[in-house]
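**Student:** Sequence order for the protein chains is A and B.
If you count the first sequence from 1, position 477 lands on 477 in my numbering, and the numbers rise without skipping.
If you count the second sequence from 1, position 27 lands on 27 in my numbering, and the numbers rise without skipping.
To be clear, the hints were calculated from the coordinates, so they are not data collected in a lab.
A couple of the hints might just be wrong.
Unchecked claim - According to the in silico footprint, chain B covers these stretches of chain A (three or more CB under 8 Å from chain B):
id	region
1	422-436
2	478-486
3	490-499
Said to hold, decoys possible - A few chain B residues that face chain A, going by a derived Cβ cut-off under 10 Å, partial list only:
id	residue
4	Met67
5	Leu68
6	Tyr87
7	Asp98
Heads up, the beta-carbon is just placed ideally off N, CA and C, and yes, glycines get one too.
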Amino acid sequence: MTTWTQTLRRRISRRTAEDSAHAEPGGHQPGDADVVPVEIDPNDPILTYLQSVPGPVELDTLELDSPAVRDLRAAGVALVVPLISSGELIGTLNLGPRLSEQGYSTDDRRLLDSLAAQAAPALRVAQLVREQEAEARERQKIEQELQVAQLIQQHFLPTTLPQPPGWSIEAHYRPARAVGGDFYDVVERPDGRIAFAVGDVTDKGVPAAMVMAATRSLLRSAGREDLSPGGVLAQVNDLLHGDIPSRMFVTCLYGILDPRTGELRFANAGHNLPFLQTGGGADELRATGMPLGLMPGMSYVEVEHVLKPGQLLLLHSDGVTEAHAPDREMFGTPRLHDLVAIRADERGGMLASVLAELERFTGLGWEQEDDITLLSLRWESEAAASTLAERTFPSQPGIEREAMAWVAEAVVASDLEPARAENLKTAVAEAVMNAVEHGNGGDETLPVEVRVEQRPDELVVAITDRGGGRTIPITETPDIDAKLRGDQTPRGWGLFLIQSLVDAVRESSDESRHTVELVLHTDGGEPT
Amino acid sequence: MTDRFNAVPRQEDGTGIIDLVGVLDGDAAVALTEAYAAAAPDAERILLNFEPMTFMNSSGIALVVEMLARARVEGLAVHATGLSAHYRHIFEITRLSDFMTIHDDMASAVA
Numbered sequence: 001m002t003t004w005t006q007t008l009r010r011r012i013s014r015r016t017a018e019d020s021a022h023a024e025p026g027g028h029q030p031g032d033a034d035v036v037p038v039e040i041d042p043n044d045p046i047l048t049y050l051q052s053v054p055g056p057v058e059l060d061t062l063e064l065d066s067p068a069v070r071d072l073r074a075a076g077v078a079l080v081v082p083l084i085s086s087g088e089l090i091g092t093l094n095l096g097p098r099l100s101e102q103g104y105s106t107d108d109r110r111l112l113d114s115l116a117a118q119a120a121p122a123l124r125v126a127q128l129v130r131e132q133e134a135e136a137r138e139r140q141k142i143e144q145e146l147q148v149a150q151l152i153q154q155h156f157l158p159t160t161l162p163q164p165p166g167w168s169i170e171a172h173y174r175p176a177r178a179v180g181g182d183f184y185d186v187v188e189r190p191d192g193r194i195a196f197a198v199g200d201v202t203d204k205g206v207p208a209a210m211v212m213a214a215t216r217s218l219l220r221s222a223g224r225e226d227l228s229p230g231g232v233l234a235q236v237n238d239l240l241h242g243d244i245p246s247r248m249f250v251t252c253l254y255g256i257l258d259p260r261t262g263e264l265r266f267a268n269a270g271h272n273l274p275f276l277q278t279g280g281g282a283d284e285l286r287a288t289g290m291p292l293g294l295m296p297g298m299s300y301v302e303v304e305h306v307l308k309p310g311q312l313l314l315l316h317s318d319g320v321t322e323a324h325a326p327d328r329e330m331f332g333t334p335r336l337h338d339l340v341a342i343r344a345d346e347r348g349g350m351l352a353s354v355l356a357e358l359e360r361f362t363g364l365g366w367e368q369e370d371d372i373t374l375l376s377l378r379w380e381s382e383a384a385a386s387t388l389a390e391r392t393f394p395s396q397p398g399i400e401r402e403a404m405a406w407v408a409e410a411v412v413a414s415d416l417e418p419a420r421a422e423n424l425k426t427a428v429a430e431a432v433m434n435a436v437e438h439g440n441g442g443d444e445t446l447p448v449e450v451r452v453e454q455r456p457d458e459l460v461v462a463i464t465d466r467g468g469g470r471t472i473p474i475t476e477t478p479d480i481d482a483k484l485r486g487d488q489t490p491r492g493w494g495l496f497l498i499q500s501l502v503d504a505v506r507e508s509s510d511e512s513r514h515t516v517e518l519v520l521h522t523d524g525g526e527p528t
Numbered sequence: 001m002t003d004r005f006n007a008v009p010r011q012e013d014g015t016g017i018i019d020l021v022g023v024l025d026g027d028a029a030v031a032l033t034e035a036y037a038a039a040a041p042d043a044e045r046i047l048l049n050f051e052p053m054t055f056m057n058s059s060g061i062a063l064v065v066e067m068l069a070r071a072r073v074e075g076l077a078v079h080a081t082g083l084s085a086h087y088r089h090i091f092e093i094t095r096l097s098d099f100m101t102i103h104d105d106m107a108s109a110v111a
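Start from the sequences, fold in the hints, and give me the full structure.
**Tutor:** Structure representation (structure tokens):
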């Protein structure tokens, strides 16, 4: 494409030899040039005129109703030489009056004409180089933006997924080149249940990545407040609304799964429906609700389902179902449904199988149109828990040491490394002390139940008191500097010790009882 | 429980040594405060001997922090010895070990 340079510059020597005799140091020298830009409107008749004339044009004698001609004359231009390349006017050579104050001769004009014929192609090449440089800069800017968007998005995706005993949780995320706003998250809650989400932000690039990051953080934060899935979505919707740019919104499916019982509860903010792979096929689990960020005060219907061992839940984003084949046929939800159903009797590899089918469908060299996100939660087998020992202790001062010694005895057969066994003992003592003092309020008639269980891949000590309905506050690392300065109480080490000394701490509670589970991984975990 | 705590103060070459005997938990507060009060006045530094200690919990850690805060105000350095590998680990994760010099045994502690 040819770009008409609107700004023409003239280089006119205004000084005579006589002037130079009086020139101040640092002043103009003969031959110095002034550069005066002249703006020419792209619709000015002079452009059509210059395109059609065979050679240099004398402005004094030119009769043309053109603002540019007036401006050029005012700027001191006497002669305009059109620069034509491949039949297109690409610039002009503007000259002031001759220094001899005589008019331009025929020889002058011939010389200028021949100069213009050689200068025009060179000027055209220079213009093309400039255009390409500008395009390269623009491409680089877009690439940088894409990188920023990808960085934001990757930073807010989980690096590892919790794997409750007996379950296999897998995710696949592949960004499109333009980076859509897909995200997913899987978090193990303190009560051992699994919170999960898959979402998609409308729009692409940096704005979508920013909204994705905000949404993910809001979901995590709301998830900590012990809200139900519908409550989490309602809260995040209200927080996003007003902050999110107009015409942008987020679809999101949020669920909470109890891996011990298979109980699933989820709510949906306009996202693709999940599939449940059953023994004989696949069901689409239906739940509807408005996408997040569109309207305040929305409520989200919750759907409950109980998964059985061997079943799988598959969540996806529309990057899967809206992928196109070379003939523009869409992958579609029914195809995904069939794929999930066909593989109902096979174990594992669901994500790999969906991706392989997608690749076969879209063909080689497919430019991925949108982000692709898949999340599968499969109950491989019922986790067999065997209780190693169980005992009830009275809520007496100092009872924690008795419980600690009893647990040490109960886990001897588990063959823990000595350092891990010591860590577990201290954590048990702290948890039992909490149960006596806080859960049971020091009431000696109330029991503290301690149960030691070996589950697949983990050893668990469950400590139950009668302080139902309470939750353990989130523990921050105690600030010993502040404590030594006297700015904080020297106490407050118990929960920190418990969390530092075992691999995981889970808690659950009902109206009357509160249980803390101290977990040591027994599948080759490193000593804490 | 009968495993009473006892804190025994003694002096050795300008070091106020406190032997911590038995269970260091919340019940040890009075004994520990008294032992510190007896050991500190004539000492250039305090050495806590954890060797005879059989158990310590988070309340015991709080008492050590309290003593450490007091010694800092009084310009006394606090040293420790006799810690088992487990309690040394606990001193590290709680960062107590950043504020006291920990020795492997009594001989190097008083050297």
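**Student:** Holds or violated: Leu68 of chain B as interface residue toward chain A, Cβ cutoff 10 Å?
**Tutor:** holds, 6 Å
**Student:** So is the region 422-436 of chain A in contact with chain B by the C-beta rule, three or more residues under 8 Å, or is the coverage claim wrong?
**Tutor:** holds (count 6)
**Student:** Between the region 490-499 of chain A and chain B, see if three or more residues pass the 8 Å beta-carbon test, and mark the coverage as holds or violated.
**Tutor:** Held - the region 490-499 of chain A has 7 residues with a Cβ nearer than 8 Å to chain B, which meets the minimum of three.
**Student:** When the nearest CB of chain A is found for Met67 of chain B, is that gap smaller than 10 Å?
**Tutor:** Status holds, d = 9 Å.
**Student:** For the hint on Tyr87 of chain B, just tell me whether its beta-carbon gets within less than 10 Å of chain A.
**Tutor:** holds, 9 Å
**Student:** Counting residues of the region 478-486 of chain A that have a beta-carbon nearer than 8 Å to any beta-carbon of chain B, does the count reach 3?
**Tutor:** Our answer is that it holds, as 6 residues pass the Cβ test (under 8 Å) against chain B, meeting three.
**Student:** Holds or violated: is there a CB of chain A closer than 10 Å to the CB of Asp98 of chain B?
**Tutor:** With Cβ-Cβ at 7 Å, under 10 Å, it holds.
Checked against the numbered hints given earlier, this structure breaks none of them.
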